[in-house]
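Novice: Chain residues, written in single-letter form:
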Amino acid sequence: MSGSYFGYIAAAYGIAALVIGGMILKIVIDYRGLKQALGKLAGTSPARDDIP
Amino acid sequence: MPNIANPTVFLSLTRRLLPWTAGLTAILFVAGLYLTFFVAPPDYQQGDSVKIMYLHVPAAWLSLFIYVVMSAAALGTLVWRHPLADAAQKAAAPLGAAFTFVCLATGSLWGKPMWGTWWVWDARLTSVLVLFLIYLALIALWEAIEEPNRAARAAAIMTLVGAVNLPIIKFSVDWWNTLHQPSSVFRIGGPAIAASMLMPLIIMAIAATLLFLTLHMMAIRNEILRRRLRRLTILAAEQSEAPVYAAGEPAR
Numbered sequence: 504m505s506g507s508y509f510g511y512i513a514a515a516y517g518i519a520a521l522v523i524g525g526m527i528l529k530i531v532i533d534y535r536g537l538k539q540a541l542g543k544l545a546g547t548s549p550a551r552d553d554i555p
Numbered sequence: 556m557p558n559i560a561n562p563t564v565f566l567s568l569t570r571r572l573l574p575w576t577a578g579l580t581a582i583l584f585v586a587g588l589y590l591t592f593f594v595a596p597p598d599y600q601q602g603d604s605v606k607i608m609y610l611h612v613p614a615a616w617l618s619l620f621i622y623v624v625m626s627a628a629a630l631g632t633l634v635w636r637h638p639l640a641d642a643a644q645k646a647a648a649p650l651g652a653a654f655t656f657v658c659l660a661t662g663s664l665w666g667k668p669m670w671g672t673w674w675v676w677d678a679r680l681t682s683v684l685v686l687f688l689i690y691l692a693l694i695a696l697w698e699a700i701e702e703p704n705r706a707a708r709a710a711a712i713m714t715l716v717g718a719v720n721l722p723i724i725k726f727s728v729d730w731w732n733t734l735h736q737p738s739s740v741f742r743i744g745g746p747a748i749a750a751s752m753l754m755p756l757i758i759m760a761i762a763a764t765l766l767f768l769t770l771h772m773m774a775i776r777n778e779i780l781r782r783r784l785r786r787l788t789i790l791a792a793e794q795s796e797a798p799v800y801a802a803g804e805p806a807r
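Same order as they appear, the protein sequences are chains A and B.
The first sequence: position 41 = 544 (this note's numbering), numbered continuously.
The second sequence: position 221 = 776 (this note's numbering), numbered continuously.
FYI, nobody ran anything at the bench for these hints, they're computed from the structure.
By construction, the Cβ of each residue, glycine as well, lies at the ideal position given by its N, Cα and C atoms.
Among the hints, a few may not be true.
[As the list claims (entries may be wrong)] Just so you have them, the derived chain A footprint on chain B, three or more residues with Cβ under 8 Å:
#, segment
1, 572 to 579
2, 685 to 695
[Said to hold, decoys possible] Derived list of chain B stretches under chain A, where covered just means 3 residues or more per stretch with a C-beta under 8 Å from a C-beta of chain A:
#, segment
3, 619 to 630
4, 763 to 776
5, 782 to 788
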C-alpha cells in the first residue's frame with residue numbers, strides 16, 4: 504500500500520471500526536441493563552407471566 | 556410459519572437466529588477485508604486510496620436501505636398498526652445515523668486526496684448530510700415524546716415526509732452537475748467496475764447488510780424488553796397503590 508494514502512485509509516477504517524464497535528457495545532449494554540431491571544421487577548410482580 | 560408479529564415469538568425466533576447471522580457477518584467481513592487488502596488491485600487513477608471505496612459504498616448503500624426499512628415500518632405503524640413496526644422503526648434510526656456518519660466520514664477521507672478538499676456543498680454530499688440530520692431528528696423525536704404510541708405515530712409521519720430525500724440522493728448525480736462521480740454499480744448497462752474490484756465490494760456490502768440485520772434484530776429485542784419493563788413498572792405501581800384506594804383514601 505502506498506504511503507501517501509495510508510493515513511486516509513487507516514483513518515477511514517479506524518472511524519468505521521469505532522462507530523460499529525460503539526453500536527454493538529451500546530446495544531449489548533442496553534440489553535444487559537434491561538434484563539437486569541426486568542429480573543428485579545419480575546421478582547416483585549405477581550403477574551409477570553401474564554404479560555407478553 | 557410462526558407469527559413473528561407476536562413479540563414473544565419474535566424474541567424466541569431471533570434468539571435462535573442471532574448466532575447464525577452474527578457468525579455469517581464475521582466470516583463475510585474477514586473474507587471481504589482479505590480480498591480488499593490482499594487481492595483487489597489498486598485503481599489505475601486513484602491508486603490505493605480506492606481501498607476506502609470498500610467501506611464507503613456499503614455504508615452509503617446501508618444509509619439508504621435503512622431509511623427504506625424505516626419507511627416500510629412507518630407504514631406498518633400508521634396503516635396496519637403492526638405491533639412490531641414502531642419498535643423496528645425506533646431501533647433502526649440510530650443504526651441509520653451511524654452508517655450515514657460512516658458514509659460521510661469515509662467519503663470525506665476519500666475526497667481529500669482525490670478532490671483536494673474534505674467537503675463540497677454539491678447535491679450528493681448535501682443530500683446525504685440532510686439524511687443524517689433527518690436520522691438525528693427522528694432519534695430526538697423518539698426521546699422527546701414520552702408516550703410510546705404518540706411518539707411512534709409522530710416519528711412515522713416524519714419518516715414518510717423525509718423519504719422524499721431518497722430519490723434526491725439517488726439521482727442527485729444525474730440531475731445536477733456534481734463533484735461526486737455517477738453510479739458505478741447500480742446503473743443501466745451493468746457495473747462499470749472490474750470484476751477483481753467488484754467481488755470484494757459485493758462481499759463487503761453483503762457483510763454490512765448482514766451486520767445491520769443482526770444489530771437491528773438485537774435492537775428490536777431491546778425495544779420489546781423496554782416496553783415489557785414499562786408495563787411491569789406501571790402494573791407494580793398500580794398494585795402498590797391498590798390497598799390505598801380500597802381503604803377509601805386519596806392516592807398521593
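Novice: Take the hints in turn and mark each one as holding or not.
Specialist: Results of checking the hints against the structure:
| no. | hint | result |
| --- | --- | --- |
| 1 | 572 to 579 | violated (count 0) |
| 2 | 685 to 695 | violated (count 0) |
| 3 | 619 to 630 | violated (count 0) |
| 4 | 763 to 776 | holds (count 5) |
| 5 | 782 to 788 | holds (count 5) |
Going through the hint list in order, the structure does not satisfy hints 1, 2 and 3.
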